[in-house]
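Enquirer: One-letter residues, chain by chain:
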Amino acid sequence: MGTFIQLVVDGLATGSIYAALALAIVLVNQATGLINFAQGGMAVLSAYIAYVFVQLGLPLLLAIIISVVLSFLFGALVERFLLRRFERGDPDTAVVVTIGLLTLVTGISAVLWGYNNLAFPSLFPLTSVEILGAVVSVRSLATAVTIVVIMVVLQLLFLRTKLGLALRAVADNPASAAFSGLPVGRLLMVGWGLAATLGAIAGVLVAPQLTLTPGMLDTALVYALAAVILGGLSSPIGCVVAASAIGVLENLVAVYIPLIGHDLKIAVPFALIFVILIIRPQGLFGRKVVVRV
Amino acid sequence: MTLLELTVVTASYGPLQVLDGVSLSVPEGGSVGILGANGAGKTTTLRAISGTVRTGGRIRFDGRDIRGLRPDQVAALGIAHVPEGRGTLGQLSVRENLLVGAYLRKDRKAVAGDIDYCLDLFPQLQDRVGSRAAALSGGEQQMLAVGRAFMAKPKLLLLDEASLGLAPSTAKAVYEAIRRLRLESGIAMLVVEQNANLAFSLVDTATVLETGRNVLTGSSAELKGMDEIRRAYLGG
Amino acid sequence: MSTAATVRRPRVRMILTAVLAVALIAAPLALPAFANQTLIRIGVYAVAVLGLNIVMGYTGQVNLGQIFFVGLGAYVTAYGVNHGWNILLVFFAACAVAGLVGLLVALAAARLGGLAIAMVTIALPIVGVPLAKRLSDFTGGSQGTSARFTDAPDWSGLDNDQWQFYIVLVVSAAAFLLARSLVRGKYGRAFAAVRENEAVAASMGISPYRTKVLAFTIASIFGGASGFLYLAAVQYTSPETLSFGHSISLLAAMVIGGAGSIAGSLLGGAYYVFVPQLTNAIDPNLTTVSQGAILLAVLFLLPGGLVSLPRVVRRLTRRSATRRSTARPAAETSQQTPPAQHPVPDAAPEGPEQTERQDGP
Amino acid sequence: MRKKPGGVLGIVAVTAAVALSLSGCRGDGGGQGGGSASSPGITDSAITLGITTPLSGATAGPGKCTVAGVSAYFGAVNAAGGVKFGDGKTRTVNIKSYDDAYDPQKSLANFQQMVSDNVFAATAGLGTPTNRAFRDAAISQKVPQVLVMTGDPLFSDRKQSPWQLGFVPVYQNEGAAFGKLLAKSGAQHKVAILSQNDDYGKGYVAGFKDSIKGASNISVVGEQTYEATDTSVDAQLTQLASSGADVFFNAMSITPLTIASLQKAQQIGWKPIWFLPSNTSSPTAILEPGGAAAYPGIYSVSFAKAPQSPAFAKDPDVVKFLDELKQYGNYPDMPAFPHCMWSYMVGATLEKAFQNMKEPTRDSFMTALRDIKGLKAPLMLEGTSVDTTVDGQPAVSSVVVQKYNGKGYATAENFG
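Protein chains in written order, with the working numbering: chain A, 1 to 293; chain B, 1001 to 1236; chain C, 2001 to 2361; chain D, 3001 to 3416.
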């Protein structure tokens, strides 16, 4: 029983890593209708930027704030000068552009900081606490709480604010939104900027655990995509729930179904997606969406 | 007093020139129709005004030259465009669509009142306020599109083929509501419509386009009577 | 359409095709070994990209798992060769096994629509890698498996690279001709109809489900054929062959070559092979940066892919002069045109009527 | 509907472009080399070596090291005038590196490019699948593929791999070295095993299990695997902790996962004695951030001096190595992976072979390379040496078991 609870708690901690990235993907999808493969790479770049400021002697929190602000600008500029050209064309091309962006950003991180694992300081201590007989580090706990806070903020942003409404309107139909006076270009920039900001937070949250490398979030990206699809592209709550469920189920399946084991546990989220989508094509929490993958 | 004036406006999609010198004017509070066969440039004329196509010539609105402005800038000056195909925001709820329409307005309280007005104008929307626009029928979507445009409290409404694809009775209901809207709000209108009877129920004057040029302008009453116009452009 | 009129003339076309055929047959005899080896790899990946293009470029179904079928074909080939099967049997087995697996996957995924296909296809390479390690009796596990069957026989008097070139040439030429007649025929029209609008396709008597399954299965067969060629060229395969990253690269290659274009698939294959070689030559330490920069630069200049280069050049050269009257408006030049799925301005009235049918109460 | 831009025209244009650019790649054929009998890639004044290795992607960290070490070694040698070969001529050594991103298909392409670039021999490349991908081609073209960084025994089998030689100890040896020490202790021990799901992990585990086969005092009570791409191994650790093992054999090659395992196990209150492989046991990069001092013992195996270790901070080998790595290896940081040291030793081994080769040919080189015994390459630990004369063994087969002492490592004669 102790092992079981520990596995669940471990799974939740791992799931929160996937959730952090998934939230950023949801945000950019809600704001632009695209799936951004570069989200992970941009988050890593943000974490590196924070790292640089920490190395310069700034306090960690300040370094993170600077990185978050710079990430907003970077995201907005990427939209304006790169994605803008492809937003109204073939969506496949736009997705491939984000793949190119991922490659470029990863490459830039590698050129500037190399491929060695860099230790990134954490805002939260590594001391552990006991919950229901399971041990969990304060760091994992705080990460999970932060994710939940971000999720709530996002949900409120989308559903309760004028900006959120405008972002969704632009993603839905930019041309038509412009007829109501929405500054489409600026809103798209804001959407990308916010997503990059969120990515930056995700990056600095998970960097202490994964250690900084240019490919730090490559695997997490796959899980995050799975969580986003599972939870519904339009729902921050859905994708956090899905990410946690993936983390937990993966652990339980690997341990308690030896036939699958640790090597094939990655099939679990996809099997789950398959089953869920047969029952609910729009995802767990999503509303029916026409996806522009 | 002239609200909108187009003087020899040209427009092209890439190398393809669609407008070849269109001139027309809409007086304040007036309602003007644009008639013509398919491909004559009716929709493009509206798009030229709202800034979604590259144009030449002169477009003045409310004493300002608006040619070359972006669509959102045009909208901010008080022109609301109900595009062909309705342009409702499918993933947003009916209420959210209306709120998007009021995006530029700062008077929150009045916005709430205007939403109620819209629902009064289009009673079918009343019990669908929470559902997504994509789930509405074609007629309901058209009503929502008009409602959204109204929510901006524009000086001029550009209405493109509001009857397209609707059952005749639905189309009639939509036009009746628009007529009521016009009477009660005094918003000026520039109307593109294939169905001549519907068009003449709403407009005071109209201009006929042929391959991107005006060929004829007159009052509804005059044009209605001209048999050859009817046959050539209005399809009966 | 005012595309280069000279090339459209049948006689010129035939001569060009003949010249091309002769050039391809003569090339390996004249070119240095490394050039042949590079062309061989281009052939391998061009077939894979071609398959991807059929399901994605022509039929509009996102497929992020094409590399899985390449890997599967390679493993089947290795297994067959190492068990002494006849080489033709090996080739058909590689295509058939990949096609069968593709069919099974598509039967389930195509029922769900685009999103599910995307996710299921992501899963293929991601689950495929650990699966290949697990099934080490068939795959050789993580050490991979070698199979040599493409050394030039003595009677041919050819070098190995020349012999392999001809194998790849025969298979990929057949694949390209097959694909060309496929997309130009009845099925091609079905693919295009499903891509444009499934509801409309259904109203035309085309089953979107069956069309998608067909396209996906064909893509898988092409993947299997590409896997056969992979083993002919590389003579070794391991779980790394089917890693997810390569699948993404294939997708990028397809779009860069030109989605929905047969010639574009060849260009995509060339891109897939050339760019790593080029970036290695620039600076082996900067390959990631330069690959990303090249990809973005190409798409920025040619959003329609490399295959649109002649068109873009032509447009630039006589930009000022002509004025077309019959062609459809080019959307990219207007500032705020709505996304592609919206009706073209002043379009025929059928468009909105269909909308009504779809949305009906 | 899709536009069909001149398909045939496009193909012709591209074919022409391909042919043109390819003929540019060709270089100037085999016309090089002073003596009539000399192999490609060697002239009277220079020899060119090629390294295909992952310089991008997940394994680029160690991959960069494989280039940096060799470049550092020969950079210094070249600066001092070059290597005096066995045929009496002094040559400088040029290194060409190629990125294969751990993709077998690309490593084969790189090998073909090397042949076209007139490379004398391929060396030091990292990775089992990537090296296997061009093993056949190297044999059929008679190009040496030597001192490669893989513990795959195939490369050290002379009959099957006449033109190959591995450098680092086969993974089995490392696992076995620890197993022997453990069995020798005589005390009862329960062992939990976690291993990477590839030939790396499998090799370690096989070597370890073989060495404890006869030992009745050792029992394996839990065995799990993980994927090199995993972001977390928490579940495996939780599972293994519940087995009650007091020794943890962790055949893991991923730095962040090793750190995370060290942290996680102590969090959940499991404090066994650890074994870590040679490439993930760096005191500063892994053990300190992982809080390894909390465990009763951390054992590892090695044959190279760890520059990070305070015990070797002033060691002349280490000082010289770090200096050259900075100056010639384009690697200014403290090496985070032992591959930097290993490839530096590869340089020394190659130099020895060059000094002994009588003719400027690949045949002569292989003969010379297979005849090195007792070479104490720089950075090698006491008790280890390069020995290329044993069939079935790579150039380095002897390892020393070491125990972490809170700062660095000390050789461990006995367990406990």
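Be aware that a few hints might be false.
Pairs of lysine-lysine, DSBU-like flavour, derived with a Cα cap of 35 Å [claimed, not checked]:
id	chain 1	residue 1	chain 2	residue 2
1	D	LYS3271	D	LYS3159
2	A	LYS162	B	LYS1106
3	A	LYS162	B	LYS1155
4	B	LYS1109	A	LYS162
These are computed hints drawn from the structure, not numbers from a lab.
Enquirer: Go through the numbered hints given earlier and state which of them the structure violates, listing their numbers in rising order.
Expert: Number 1 only.
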